[in-house]
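So the chains spell out like this:
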Amino acid sequence: MAARGQRSAKRRSGCFLVMFSGVKPDKRSKVKGITQLGSRSSSSSSHSSNSNTTRSNSSSGSGGSSSSSSNNKGGGCKSHSGSSSGSSSGSGSPPAGTPPHTQMASHESLNSESKSSSLNSKLGHESMTVRDGSRTLRPDEPPLVPGEQLEGTAREVTYLCPYVGPKKGTLSVTNYRLIFRSPETDPPFELEVPLGVVSRIEKVGGANTSRGENSYGIEIFCKDIRNLRFAHKQENHSRRMVTEKLLQYAFPASHKLPFFAFGYNEQYQERGWSVYEPIAELKRQGLPTESWRITRINEQYELCETYPAVWAVPAAASDNDLRNVAAFRSRGRIPVLSWIHPESQATITRCAQPLVGVSGKRSRDDEAYIQHIMDANAQSHKIFIMDARPSVNAVANKAKGGGYESEDAYQNAEVQFLDIHNIHVMRESLRKLQEVCYPHIDNSHWLSNLEATHWLDHIRCVLSGALRIADKVESHKTSVVVHCSDGWDRTAQLTALSMLMLDGYYRTIPGFAVLLEKEWLSFGHKFAQRVGHGDDRHQDADRSPVFLQFVDCVWQILKQFPHAFQFTEDMLITILDHLYSCLFGTFLYNSERERIEKEVKTKTVSLWSLILSNKADFENPLYSANTKHHVLFPRTSMRHLCLWDKYYCRWNPSMRQQEPVHIRYKELLHVKEQLEKHVDELRKELAARQTHDSPRVASAIV
Amino acid sequence: MEFAELIRISRCDRVMLHRPHHRVLDGTLCITGHHLIVSAHGEEPEELWLLHSNIDAIERRQQGMTGGTLWLKCKDLRILQLDIIGADQFAKVADTLEDLIRVEDPMFQYPFFYRAMYNVLEDGWTTFLPESEFSRVIQQGDDWRISYVNKDYKVCSSYPAAVVVPKNIEDSDLVAIANFRQGGRFPVLAYRHEGSAVLMRSGQPLITANGKRCKEDERLLNSVLAREKRGYIIDTRTQNLAQSAKLRGGGYEPELHYPNWRRVHKPIDRHHVLLDSLTKLMDGVNDTNSGTDKWLSRLESSNWMNNIKETLNCACLVAQCLDQDGASVLVHDTDGLDSALQVTSLAQIILNPDCRTVRGFEALIEREWIQGGHPFATRHARSCYTPSAQRSKINAPTFLLFLDCVYQIHSQFSCSFEFAENFLVMLFEHSYSSQFGTFLGNNEGERKNMKAPERTASLWSYINRHEVLPKYLNPLYEPNQRVIWPSVAPMSLQLWAGVFLRWVVDQGPQEAAWLVVKELRERDAALRSKVSRLRRQLQDLEREALEVGILSPTMELEVA
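Protein sequences appear in the order of chains A and B.
For the first sequence, the residue numbers in the numbering used here are 1 to 702.
For the second sequence, the residue numbers in the numbering used here are 1001 to 1560.
If you are wondering where the hints come from, they were derived from the structure by calculation, not from laboratory data.
The structure presented is a predicted model; accordingly, all values stated were derived computationally and were not measured.
Incorrect hints may have been included.
As the list claims (entries may be wrong) - Ranges between beta-carbon positions, derived for each pair:
#, chain 1, residue 1, chain 2, residue 2, range
1, A, V679, B, E1511, 25 to 33 angstroms
2, A, K677, B, Q1081, 41 to 49 angstroms
3, A, K677, B, E1511, 30 to 38 angstroms
4, B, R1465, A, V679, 29 to 37 angstroms
5, A, P439, B, R1227, 38 to 46 angstroms
6, B, R1523, A, S274, 31 to 39 angstroms
Claimed, not checked - Here are the simulated lysine to any residue pairs, SDA-like style, with alpha carbons at most 25 angstroms apart:
#, chain 1, residue 1, chain 2, residue 2
7, A, K283, A, S254
8, A, K526, A, E277
9, A, K615, A, L632
10, A, K361, A, V310
11, B, K1280, A, H445
12, A, K628, B, T1096
13, A, K628, B, E1043
14, A, K646, B, W1514
15, A, K432, B, N1306
16, A, K628, A, K526
17, B, K1518, A, S624
18, A, K559, B, R1533
19, A, K677, B, R1533
20, B, K1294, B, H1021
Note that CB positions come from ideal geometry on N, CA and C, so glycine has one too.
Work the whole structure out from these sequences, hints included.
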């Protein structure tokens, strides 16, 4: 009954249950199936958020039967419900007569969880394979992923769920996750949180000071917009052990320990590390050309340590020129090609700010270099330099030796400021957003509270900046140079987004992986610093949700063009989950150089291994491949932007999807594929018979 | 009156028409008794036909003698701009249009002049008769009967000729009760849930300050309760409002005289408050110039989303009483013409899977709204673009709010409805301005008076034709017999872009996506039929092969 029970109980939250004392639902508990999201078997709880509506025992019975009865009538996806708990089903193809969806059950239950928390479901899936292996587990011992070890267990711990109330159970800490299981309900309530998600851990209540129930324990603040509170019993003396283990494994970097990714050794069908080959990607874009060459000048990361080894630069610029330009650009981040238009040869290049300073220094080499970039595009006699910052900030940077290109020095160049604020503003905005979204949402002021966070404002700025770049390249056939201060935060957002709009390849699953590997990882977005992997300094001013913001922008485009992307938002959520989880090596460290030093590619698994091996979970059935040649110009006014509630509000039980539309989509695709295959087989069989059998029979076929 | 008297100018050349999502149209303007027509000069035959009844307000700005600009603000929330050359022409066009949109006599409405150009297979006027709609309830039990006490609309002017009432209540009792209920709206059956729980609606009881009572009314209400069961009276006004209604001759059912009924107040805004809310919403929507505008806070302060929440909330409560508690419910506000209808119909959508089919939904609209006596003519006479000074307090977008609530449920349960979102949009448009007579007048009595059933075409006859209906079907539909509980959490409710934003925001991409879904669905169906055809063919071949002797029976077994 597992996955289905709760799905049928879809009744989101108890929000509408404006209860008055008289109406007590009997027979069925009304809000059956409200579970803590993130619990692996999300069907577990039959508690409702409204205490007076709970009658769990009878509820699960009648609720279950009601949903199963509907299965029969409904057909389609509903029939998964019953069978989805059995992960054993689905071996071999079904007999031709049975409806194809029955055999998808296990498949689907996996997906349904990936809805609620793709991360946890994946893990759940992986752990299943372990269990299927050889080792038998004690019932209260959680299944582990390969390389995971149980470090400590505390019993009689209470998880104070903000939605369904306290749950008593066992809290286990491994070197990768925190696992909480409560047998109070059937199936048991489960909660799993990778420790990489933890931003800070605080003790609540002292040994002598705490009075009252559940006042003594720990509170865990997470990077994925939620906080968890656990209450310990003082007399068990379990809090200290748990806190110590948590601190140790949540913040390995601060304890000189390796990341869990280095111990994780799951085998995947696909090798994600090979999804991005810099040369291959440049070749895909048509390089080298007459005007652009590929150089390995930075092979040893000496010219610029935060840039990748392979660059594409104007053919007219010699290696010596590159060195001179590097001296004039902040941190040696010179303008390097990100994308070239296949027809017009207009380009997007990225760099850091020029070191103009208060005195207004100039560099002939840099000016000539920009001219080379412009000349490489015969279509236009102009070039745009997009400075992502507000102009005030750009000016202020002069005092620190930076600045922006003056139009006097750079002939034919036009500088435009895109007004995107810095990482500190974004961090503050997300903090406010988190307050608005978790745990409880203020019904009456939701929209104005949301507006006050300015989160959508910032999204709008980034999107419209990227749109402007895409428009210049596509409609005006003009090359664009993009930079901010250092060229690794806002610049990465802008180039990656405009490339996503311009080039349909990046809207496929492998293409998106290439886009992230190239524009974000290889060009040195400081993931380690911005996310704070394994680092306990939660107030570090270098942290900022720059990448999250980018993914949010991708989602906004995806929402406006639902058939232009090969992947669904589930993939975006999975990527964000693993941005924090430290399960994969992909997002670890700050630059390509550091990753090579730490041998990330050989010692850890790539996130793309997971995604490419489970492509079916992320595929968008609405994708129509002929949009590949379309250029997307998303609308960026406030009316077109929405809060990505499936991400920011996903812990709220009322966000549970009411109907498994996605599953249905997937099912449709699956059915279609099956039927097509079947038609093929039958056709082949017929053809075979035609040749074998007598001509008389053959003629009957027509 | 003749239209010719009003039309001072019937043709005007060289006008420029600006409309959302279209290029500027340069053409000729024609004004007929019911339509405003702009047709393009030049090669492409582009035309705009607009019913005068769709125009909510006209704003004019004259520019000296050169002409001027007219803004036509429509009830479907679109705003059109007409540039007219020549001061004289401009003034004539403007005056003509202003007179035409204010023609009040219902007999001059377009539906009486519209002739359907197709064969009516099933007359929508007779498709949803109470006799057939309630046949199950009537046949199944002995508890309910159809009463024709209102056959000449004298007992209650807003009720239809046939209503369903408890069997043991005589027609004479009903007359007595009608005198005790606002507008003569005695409690009638709206819906019977599985088991014996029923949903009824009525007008407020005329308790007055003296505390009048009516034995028959009490008997009627008690008779619907099963033994030892309690019922719920949902009053969609605040306690205070209900209290003060007593002074104006109304009131609420006192506990003393209705001991088995528990009264709950769930206030829902209505009338001009609702229209003001819509006005604020549209002000925000149409104000596209205010750059980094305060869009979200404007949306919030319009209170529209909150109205949706309150209405859905109340409907959920009613559905909960019926479904979880098995208790009967009576819903009323003051008149029982607005929020009561919203609540009873939404509760049915939540509970009754039949109401989520095209036919069932049409029946619901017909039963609860059209026969139920929602005064479409007065409510929809003016809409949000009319300056507030010219509105009356009884103009209200009640029906639009109801459709929006349905849309919210629809978007949360997108597979459970047979119709697509555009079906709701279509209903919204026709309820304000239409060539069909379905939404004419304020109630069945008025429509009978105008002879609407004989003289006009029904919207349902048009929609249910197989040439038209597929356009409004939801490709994702899978019948879902369950009760569907919508979420009313603020992030679950979304602004209905298909109505409110469609003239500002191009809905093209969404529509394209739906087309893809539809195609997928069709391909799926085609492949399925192909498979079964091939399978049959294979069987035939095998049989034939067996007969001819090419295939031995053992071989056939293997194949099987």
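Evaluated hints:
1. A/V679 <-> B/E1511: 25 to 33 angstroms: Check passed, 30 angstroms falls within 25 to 33 angstroms.
2. A/K677 <-> B/Q1081: 41 to 49 angstroms: violated, 56 angstroms
3. A/K677 <-> B/E1511: 30 to 38 angstroms: With Cβ atoms ~31 angstroms apart, the hint holds.
4. B/R1465 <-> A/V679: 29 to 37 angstroms: Hint holds: Cβ distance 34 angstroms, inside 29 to 37 angstroms.
5. A/P439 <-> B/R1227: 38 to 46 angstroms: For A/P439 and B/R1227 the Cβ distance comes to about 45 angstroms; the hint holds.
6. B/R1523 <-> A/S274: 31 to 39 angstroms: holds, 35 angstroms
7. A/K283 <-> A/S254: With Cα atoms ~41 angstroms apart, A/K283 and A/S254 exceed 25 angstroms; violated.
8. A/K526 <-> A/E277: Measuring from Cα to Cα gives roughly 20 angstroms; hence the hint holds.
9. A/K615 <-> A/L632: With Cα atoms ~24 angstroms apart, A/K615 and A/L632 stay inside 25 angstroms; holds.
10. A/K361 <-> A/V310: Given that 25 angstroms is the threshold and the Cα spacing comes to 29 angstroms, the pair is violated.
11. B/K1280 <-> A/H445: holds, 17 angstroms
12. A/K628 <-> B/T1096: violated, 52 angstroms
13. A/K628 <-> B/E1043: violated, 34 angstroms
14. A/K646 <-> B/W1514: holds, 21 angstroms
15. A/K432 <-> B/N1306: Holds, because 23 angstroms separates the two Cα atoms, which is no more than 25 angstroms.
16. A/K628 <-> A/K526: violated, 31 angstroms
17. B/K1518 <-> A/S624: holds, 13 angstroms
18. A/K559 <-> B/R1533: violated, 39 angstroms
19. A/K677 <-> B/R1533: Given pair A/K677, B/R1533 holds - Cα atoms ~15 angstroms apart, limit 25 angstroms.
20. B/K1294 <-> B/H1021: holds, 24 angstroms
The structure is inconsistent with the numbered hints 2, 7, 10, 12, 13, 16 and 18, although it conforms to all the rest.
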